[in-house]
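Participant: Sequence:
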Amino acid sequence: MAGDKSTKKKSSKTKAYVSEWPSTNPSSSSRSVPAKTNAKLQNLVSPHLDSFNFFLTEGLDLAVADMSKVPVELPNQHRMDIWIESAQIGYPTTENQITGEQKLLPSECRQRGISYTAPLVVTLARSFGDSQNVERIQRVVGEIPIMVRS
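Each step along the sequence shown adds one to the number in full-length UniProt numbering, with nothing skipped, and position 70 is 70.
By construction, these hints were calculated from the structure, which means they are not laboratory data.
Any given hint could turn out to be false.
[Said to hold, decoys possible] The calculated label-pair distances, taken between Cβ atoms and stated as ranges, are: (1) Pro119 with Asn53: 14 to 20 Å; (2) Leu49 with Val134: 33 to 39 Å; (3) Gln77 with Glu101: 42 to 48 Å.
Glycine included, each C-beta is placed from N, C-alpha and C at the ideal position.
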């Protein structure tokens, strides 16, 4: 049919979006962003970096110190206490079949489309009853996103 809407061609007048920003994250040495704009960007993200750096240097330890032991009553009428003794954030790494584990850089993560993360390793501890004997194990409990320039 001549008047059938399904046979009409739609005109595409959509313009391609052109970004004025670089395709990678700007750094303090970036020449692709004007110095005045770059200074404003650095100032804008500064509170976030400061907060993340505090988390890495002090905050995580303070959070662990604030956690209490968890008492568990066992079937034999004994008590076991479990607690997190410490937590550390490792370094971003990647597995390489030839060289093994190697350091991962933010630029490689952007190119590969993967997250820039590091393992969160906790030391779990337990004791039985009033015993001074403490057993410890370390476990990777997840991955933490790492803020670039931290």
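Participant: If a hint holds in the structure, say so; if it does not, say that too.
Facilitator: We went through each hint and held it up to the structure:
1. Pro119 with Asn53: 14 to 20 Å: For Asn53 against Pro119, whose Cβ atoms are near 19 Å apart, the range 14 to 20 Å holds.
2. Leu49 with Val134: 33 to 39 Å: Since Leu49 and Val134 have Cβ atoms about 37 Å apart, the given range 33 to 39 Å holds.
3. Gln77 with Glu101: 42 to 48 Å: With a Cβ separation near 46 Å, Gln77 and Glu101 satisfy 42 to 48 Å, so the hint holds.
The structure agrees with every numbered hint stated previously.
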